[in-house]
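Given only the sequences and the hints, what does the whole structure look like? Please build it.
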Amino acid sequence: MSLPSQVRLIEVGPRDGLQNEAQPISVADKVQLVDALSAAGLGYIEVGSFVSPKWVPQMAGSAEVFAQIQRKPGVTYGALAPNLRGFEDAIAAGVKEVAVFAAASEAFSQRNINCSISESLARFAPIMEAAKQHGITVRGYVSCVLGCPYEGTVAPEQVAMVARELYAMGCYEVSLGDTIGTGTAGATRRLFEVVSAQVPREKLAGHFHDTYGQAMANIYASLLEGISVFDSSIAGLGGCPYAKGASGNVATEDVVYLLNGLGIESGIDLDALIVAGQQISAVLGRPSGSRVAKARSAQ
1 MSLPSQVRLI EVGPRDGLQN EAQPISVADK VQLVDALSAA GLGYIEVGSF VSPKWVPQMA
61 GSAEVFAQIQ RKPGVTYGAL APNLRGFEDA IAAGVKEVAV FAAASEAFSQ RNINCSISES
121 LARFAPIMEA AKQHGITVRG YVSCVLGCPY EGTVAPEQVA MVARELYAMG CYEVSLGDTI
181 GTGTAGATRR LFEVVSAQVP REKLAGHFHD TYGQAMANIY ASLLEGISVF DSSIAGLGGC
241 PYAKGASGNV ATEDVVYLLN GLGIESGIDL DALIVAGQQI SAVLGRPSGS RVAKARSAQ
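Each residue of the sequence shown is one higher than the last, beginning at 1 in the working numbering.
It is possible that some hints are incorrect.
Below are the PhoX-like pairs computed for lysine-lysine, each with C-alpha atoms no more than 25 angstroms apart in a straight line [what the hints assert, rightly or not]:
| # | residue 1 | residue 2 |
| --- | --- | --- |
| 1 | Lys96 | Lys132 |
| 2 | Lys132 | Lys294 |
| 3 | Lys132 | Lys203 |
With beta-carbon atoms standing in for the labels, derived distance ranges [what the hints assert, rightly or not]:
| # | residue 1 | residue 2 | range |
| --- | --- | --- | --- |
| 4 | Ser116 | Gly94 | 26 to 36 angstroms |
| 5 | Arg111 | Ala155 | 12 to 22 angstroms |
| 6 | Gly213 | Glu21 | 38 to 48 angstroms |
| 7 | Glu88 | Thr153 | 34 to 44 angstroms |
| 8 | Ala197 | Ser116 | 38 to 48 angstroms |
| 9 | Lys294 | Lys72 | 24 to 34 angstroms |
| 10 | Lys54 | Glu119 | 14 to 24 angstroms |
| 11 | Gln110 | Pro57 | 18 to 28 angstroms |
| 12 | Gly186 | Ile264 | 20 to 30 angstroms |
| 13 | Ala298 | Asp269 | 34 to 44 angstroms |
| 14 | Gln110 | Gln70 | 39 to 49 angstroms |
| 15 | Ala298 | Cys115 | 39 to 49 angstroms |
| 16 | Gly285 | Leu3 | 34 to 44 angstroms |
| 17 | Gln299 | Ser116 | 43 to 53 angstroms |
Since the hints were made in silico from the structure, they are not lab data. For glycine and all other residues, C-beta sits at the position ideal for the given N, C-alpha and C.
The structure is reproduced here in structure tokens:
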């Protein structure tokens, strides 16, 4: 299969990237990050999460962030809304697209959201109905698609089942997440081969963590499978608070560098992206996790 000519990146840094940080991050710093990402050409930015601050304290203030960002025409500013209360709060904040998430692993589902996979999917039914009524689009996530910290290997057929259910209930796109970053290129190609028998390839996305240094190889493997949408995080921020040892998401800067080298259009200004990553890294008090940013700063 030939490589796609264009790729859409879903920037998850402000939500998935910052949710695992130990230190508090101000609303002003979050707003600055989102605005810098908009200016760099990102067409989709996951700004925050409408969950209880008790469970994810770093996502407190998401409504204030939405109220203060400079929204650019044509840019989607999304948010995670795992339950109806969160969905209602997102709507009140002016969110036009929300995301829901399920796990491909029963053990991870129980540890993460205290319910089975089937129970988690049932919880989304009222969200999907409310989304239809409000004209809100919904994106789906499936976690632990290439491995689970509690169960080990996860069968592609299990992932396909969960992805199929999310797609059937109305998620316009389903992102498959290698939560603990253990996936390899061969396993990634097999995963998309199996899942695409249940959900069209053009409705699938890849979400890779770089724990084992395989994220870029897995993205290239996904491109070979005809996948043209990827989640990434500025400066490689992130991890999963419920998956011990899971390091950051693949850095958006590094993905853009790869795409540029392949002649694949993303519409993103790499130089502006590097600056945005360096700014939020300075706020966090550490260097950017992007290999491209580190290489550029060393020149």
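Here is how each hint holds up against the structure:
1. For a cut-off of 25 angstroms, the pair hint linking Lys96 to Lys132 stands: about 12 angstroms separates their Cα positions.
2. With a CA separation close to 44 angstroms, the supplied pair Lys132 and Lys294 exceeds the 25 angstroms bound.
3. Note on Lys132 and Lys203: the hinted pairing holds, with a Cα-Cα distance of about 19 angstroms set against a maximum of 25 angstroms.
4. Evaluation of the 26 to 36 angstroms hint for Ser116 and Gly94 yields a pass: the beta carbon distance comes to about 33 angstroms.
5. The hint said 12 to 22 angstroms for the Cβ distance between Arg111 and Ala155, and at roughly 19 angstroms that hint holds.
6. For the pair Gly213 and Glu21, the beta carbons lie near 22 angstroms from each other, so the given range of 38 to 48 angstroms is not met.
7. Between Glu88 and Thr153, the C-beta spacing of about 38 angstroms keeps the proposed range 34 to 44 angstroms intact.
8. Range check, Ala197 to Ser116: about 24 angstroms between beta-carbon atoms, so the 38 to 48 angstroms window is missed.
9. Checked against the given bound of 24 to 34 angstroms, the beta carbons of Lys294 and Lys72, roughly 29 angstroms apart, stay inside it.
10. Checked against the given bound of 14 to 24 angstroms, the beta carbons of Lys54 and Glu119, roughly 21 angstroms apart, stay inside it.
11. Distance hint for Gln110 and Pro57: a CB-CB separation of about 22 angstroms, consistent with the stated range 18 to 28 angstroms.
12. Judged by the Cβ atoms, the range 20 to 30 angstroms given for Gly186 and Ile264 holds: they are separated by roughly 22 angstroms.
13. In this structure the hint that Ala298 and Asp269 lie 34 to 44 angstroms apart at CB is violated, the actual value being about 21 angstroms.
14. Here the CB-CB span from Gln110 to Gln70 is close to 41 angstroms, well matched to the stated 39 to 49 angstroms.
15. In this structure the supplied range 39 to 49 angstroms holds for Ala298 paired with Cys115, their Cβ-Cβ distance being about 47 angstroms.
16. At roughly 38 angstroms, the beta carbons of Gly285 and Leu3 sit within the given window of 34 to 44 angstroms.
17. Gln299 and Ser116 have their C-beta atoms about 51 angstroms apart, which keeps the hinted 43 to 53 angstroms range intact.
In summary, the numbered hints that this structure violates are 2, 6, 8 and 13.
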